[in-house]
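Please model the complete structure; the sequences and the hints are all you need to start from.
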Amino acid sequence: MQQLTALGALLLLVYISSGSASVHSHPGVCRYGRRLECCYGWRKNSNGQCEAQCEQGCRHGECVGPNKCKCFPGYAGKTCNQ
2 MQQLTALGAL LLLVYISSGS ASVHSHPGVC RYGRRLECCY GWRKNSNGQC
52 EAQCEQGCRH GECVGPNKCK CFPGYAGKTC NQ
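Heads up: the sequence shown runs through residues 2 to 83, numbered per my numbering.
Just so you know, these hints were derived from the structure itself, not from any lab. Some clues are possibly wrong.
[Said to hold, decoys possible] With a Cα cut of at most 20 Å, we get these calculated EDC-like pairs of lysine to aspartate or glutamate:
(1) Lys71 x Glu52
(2) Lys71 x Glu56
(3) Lys79 x Glu52
(4) Lys69 x Glu52
(5) Lys79 x Glu56
(6) Lys45 x Glu63
(7) Lys45 x Glu56
(8) Lys69 x Glu56
(9) Lys79 x Glu63
Small disclaimer: the values here were computed from a predicted structure and weren't measured.
Following this line, the structure appears as structure tokens:
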């Protein structure tokens, strides 16, 4: 039974590393087979780096993930407009 558990863990690790798992050293970069591209919700900027996209923008904050704003101190709300 213990061999089956180890085999399951190994298969899960292979699936994660070969699928569209995020490349941790570069936010927003995903591996698709052998290709590295921007993950869904991220877009390549003029410097060639993947940048998060917030459809509504972040009025008083910065976009840190797809449609996820990090508000500057003193601001709140989904788009940091409060």
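Now the hints, each set against the structure:
Distance hint between lysine 71 and glutamate 52 is fulfilled; the C-alpha atoms sit about 14 Å from each other, no more than 20 Å. At roughly 14 Å between alpha-carbon atoms, lysine 71 and glutamate 56 fall within 20 Å of each other, so this suggested pair holds. Between lysine 79 and glutamate 52 the CA atoms are separated by roughly 18 Å; this keeps the pair inside 20 Å, and the hint holds. A hinted pair counts as satisfied when its Cα atoms are at most 20 Å apart, and lysine 69 with glutamate 52 qualifies at roughly 12 Å.
Under the criterion of a C-alpha separation no larger than 20 Å, the hint pairing lysine 79 with glutamate 56 is consistent with the structure, at around 11 Å. Restraint check for lysine 45 and glutamate 63: satisfied, since their Cα atoms lie roughly 16 Å apart, inside the 20 Å limit. For a cut-off of 20 Å, the pair hint linking lysine 45 to glutamate 56 stands: about 15 Å separates their Cα positions. Between lysine 69 and glutamate 56 the CA atoms are separated by roughly 9 Å; this keeps the pair inside 20 Å, and the hint holds.
For the given pair, lysine 79 sits about 11 Å from glutamate 63 by alpha-carbon distance, which is consistent with the 20 Å threshold.
Violation of the numbered hints given earlier is absent; every hint is satisfied by the structure.
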